[in-house]
Amino acid sequence: MNDRTMGTPAELELIARVLNGEEHLFYELIRPCERAAYMTAFSVLKNEADAEDAAQEAIIKAYRALKGFRGEAKFSTWLLSIVLNEARGRLRQMNKAPVESLDREADEQESFTPFMIADWREIPSEILEREELTRCIEQAVEELSPAYREVFLLRDKEELTIEEIARIVGVSQGLVKVRLFRARMLLQKRLAPYLKRERTVRPRSFSWLGGRP
Amino acid sequence: MRVDCKHVWACISDFIDGTVSAEERRAIELHLEHCEICSAILDSVHNILVLTADDRIFQLPLGYQERLHARIAAELKLAKAPPSATQT
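If you're matching them up, the sequences are chains A and B in order. Using the numbering used here, you'd call the opening residue of the first sequence number 1 and step up by one each time. Using the numbering used here, you'd call the opening residue of the second sequence number 1 and step up by one each time.
Among the hints, a few may not be true.
To be verified - Listed next, the in silico SDA-like pairs over lysine to any residue satisfying Cα-Cα at most 20 Å (straight line):
#1 LYS196/A - LYS77/B
#2 LYS196/A - SER39/B
#3 LYS77/B - LEU19/A
#4 LYS6/B - LYS67/A
#5 LYS177/A - GLY18/B
#6 LYS6/B - VAL178/A
#7 LYS196/A - ALA53/B
#8 LYS77/B - GLU57/A
#9 LYS177/A - THR19/B
#10 LYS80/B - ARG17/A
#11 LYS77/B - LEU25/A
#12 LYS61/A - ASN95/A
#13 LYS177/A - ILE16/B
#14 LYS189/A - HIS46/B
#15 LYS177/A - ALA22/B
#16 LYS80/B - LYS177/A
#17 LYS196/A - HIS46/B
#18 LYS80/B - LYS189/A
#19 LYS177/A - ALA53/B
#20 LYS177/A - ASP17/B
#21 LYS46/A - HIS46/B
#22 LYS77/B - LEU29/A
#23 LYS77/B - VAL178/A
#24 LYS80/B - ARG35/A
#25 LYS61/A - ARG35/A
#26 LYS67/A - ALA81/B
Stated by the list, open to error - Not the full set, but computed from the structure, chain B residues with beta-carbon under 8 Å of chain A:
#27 HIS31
#28 LEU32
#29 GLU36
#30 ASP43
#31 ARG56
#32 HIS69
#33 ARG71
#34 LEU76
Rather than coming from a laboratory, the hints here were simulated on the basis of the structure. Where is the CB? At the ideal position from N, CA and C, for every residue including glycine.
Between the sequences and the hints, there should be enough to build the whole structure, so can you do that?
Laid out in structure tokens, this is it:
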């Protein structure tokens, strides 16, 4: 544990004020975590409405439990672990599937062969204006197993540190790194051929269309 | 220290996160200088992460914040109410 992972003095002061009658400051406290709370729930539930419900419920639970917050972790880490538990509980109720069993596959250490390419130029983010490409990336992430999707979205969407993710998910930092590696490589394998084709097809067809007079 | 392609692939994720040792980083950078395939793979992973981070991927549901704040407001009101009011 170190200063970066513990509650900041400003955060602790804000919490003390909320507990001492300035309840309206709770909005300020959770504002920086609102998006991450939704994304954390979504990483488990893969459904917008369910994720929103779980995030809301967890934030209310966090409010009710605020007295118990000791500043041993950052507030966001504490809040997001409540969100994750809420979402996992809902998933368990929905399909009666034990969430823990999914964690085991991430422990397997096997070598990984990426999609082989010889050249790659950056794809501009403008491609996301095309809805089918946005959907294609989202679908690839949704198809990851939950253990991979959780760490991937927390790291590469919410930009949390490996240390924070380990505390939220409740596994070692080493395991977070293994899962992150596998998630990223699975996405590379799945998306690189598709995105590469997207990039190269258009210029080729344009040169063909505007070909020799 | 010399590294081969398989070693580079195994380290891509840590390399992107900057969690490889200084010696390993130098060895990977040296490899990338002359290996077009590994450079392209690294670029593709990096690019996929950049695209994923874009706000247009997994957008928040419309009205999410308003509904969340309304739910909190209801909770705060309930907590403020005198015990007799909550019992009825």
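Here is how each hint holds up against the structure:
Among the hinted pairs, LYS196/A with LYS77/B is inconsistent with the structure: their alpha-carbon atoms are about 54 Å apart, more than 20 Å. Between LYS196/A and SER39/B, the direct Cα distance comes to roughly 15 Å. Compliance with the 20 Å bound is thereby established for this hinted pair. Distance restraint check for LYS77/B and LEU19/A: the Cα-Cα separation of roughly 15 Å lies within the 20 Å cut-off, and the hinted pair is therefore satisfied. Of the supplied pair hints, the one linking LYS6/B and LYS67/A is violated, its CA atoms being roughly 50 Å apart against a limit of 20 Å.
The suggested pairing of LYS177/A with GLY18/B holds, with an alpha-carbon distance near 12 Å, which does not exceed 20 Å. Pair hint LYS6/B plus VAL178/A holds up; C-alpha atoms about 16 Å apart against a cutoff of 20 Å. As the CA atoms of LYS196/A and ALA53/B are separated by approximately 19 Å, the hinted pair is consistent with the 20 Å bound. With a C-alpha separation of about 16 Å, the suggested pairing of LYS77/B with GLU57/A holds against the 20 Å cut-off.
A distance of roughly 10 Å separates the Cα atoms of LYS177/A and THR19/B; the hinted pair therefore holds under the 20 Å criterion. A C-alpha spacing of about 15 Å is found between LYS80/B and ARG17/A, which places the hinted pair at or below 20 Å, so the restraint holds. With a CA separation close to 14 Å, the supplied pair LYS77/B and LEU25/A stays within the 20 Å bound. For a cut-off of 20 Å, the pair hint linking LYS61/A to ASN95/A is broken: about 23 Å separates their Cα positions.
Distance check on the hinted pair: LYS177/A and ILE16/B sit about 12 Å apart at the alpha-carbon level, within 20 Å; holds. A hinted pair counts as satisfied when its Cα atoms are at most 20 Å apart, and LYS189/A with HIS46/B qualifies at roughly 13 Å. Of the pairs offered as hints, the one joining LYS177/A and ALA22/B holds, with about 18 Å between alpha carbons and a cut-off of 20 Å not exceeded. Distance hint between LYS80/B and LYS177/A is unfulfilled; the C-alpha atoms sit about 44 Å from each other, more than 20 Å.
A C-alpha spacing of about 14 Å is found between LYS196/A and HIS46/B, which places the hinted pair at or below 20 Å, so the restraint holds. Under the criterion of a C-alpha separation no larger than 20 Å, the hint pairing LYS80/B with LYS189/A is inconsistent with the structure, at around 54 Å. Distance restraint check for LYS177/A and ALA53/B: the Cα-Cα separation of roughly 18 Å lies within the 20 Å cut-off, and the hinted pair is therefore satisfied. Restraint check for LYS177/A and ASP17/B: the C-alpha separation of about 10 Å stays at or below 20 Å, so the hint holds.
Of the supplied pair hints, the one linking LYS46/A and HIS46/B is violated, its CA atoms being roughly 24 Å apart against a limit of 20 Å. For the hint linking LYS77/B to LEU29/A, the alpha-carbon distance of about 18 Å falls within 20 Å, and the restraint holds. For the suggested pair LYS77/B and VAL178/A, the alpha carbons sit about 45 Å apart, so the restraint of at most 20 Å is broken. At roughly 27 Å between alpha-carbon atoms, LYS80/B and ARG35/A are farther apart than 20 Å, so this suggested pair is violated.
Among the hinted pairs, LYS61/A with ARG35/A is consistent with the structure: their alpha-carbon atoms are about 17 Å apart, no more than 20 Å. Between LYS67/A and ALA81/B the alpha-carbon distance is near 19 Å, which keeps this suggested pair within the 20 Å criterion. With 8 Å as the threshold, the beta carbon of HIS31/B stays out of range of chain A, its nearest partner Cβ sitting at about 15 Å, so the hint is violated. With a cut of 8 Å, the hint placing LEU32/B at the interface with chain A is violated, because the nearest CB-to-CB distance is about 12 Å.
Below 8 Å, beta-carbon pairs count as interface contacts, and GLU36/B has one with chain A at about 5 Å; its hint therefore holds. Nearest Cβ of chain A to the Cβ of ASP43/B: about 4 Å, under the 8 Å cut. The hint holds. The beta carbon of ARG56/B is positioned within 8 Å of a beta carbon in chain A (closest approach about 4 Å), and the interface hint is therefore held. The interface hint given for HIS69/B is met, as the beta carbon of that residue sits about 7 Å from the closest beta carbon of chain A, less than 8 Å.
At a threshold of 8 Å, the smallest CB-CB gap from ARG71/B to chain A is about 5 Å, leaving the interface hint in force. The closest approach between the C-beta of LEU76/B and any C-beta of chain A is roughly 5 Å, which is under the 8 Å cut-off, so the hint is satisfied.
In summary, the structure is inconsistent with hints 1, 4, 12, 16, 18, 21, 23, 24, 27, 28 from the numbered list given earlier, while agreeing with the others.
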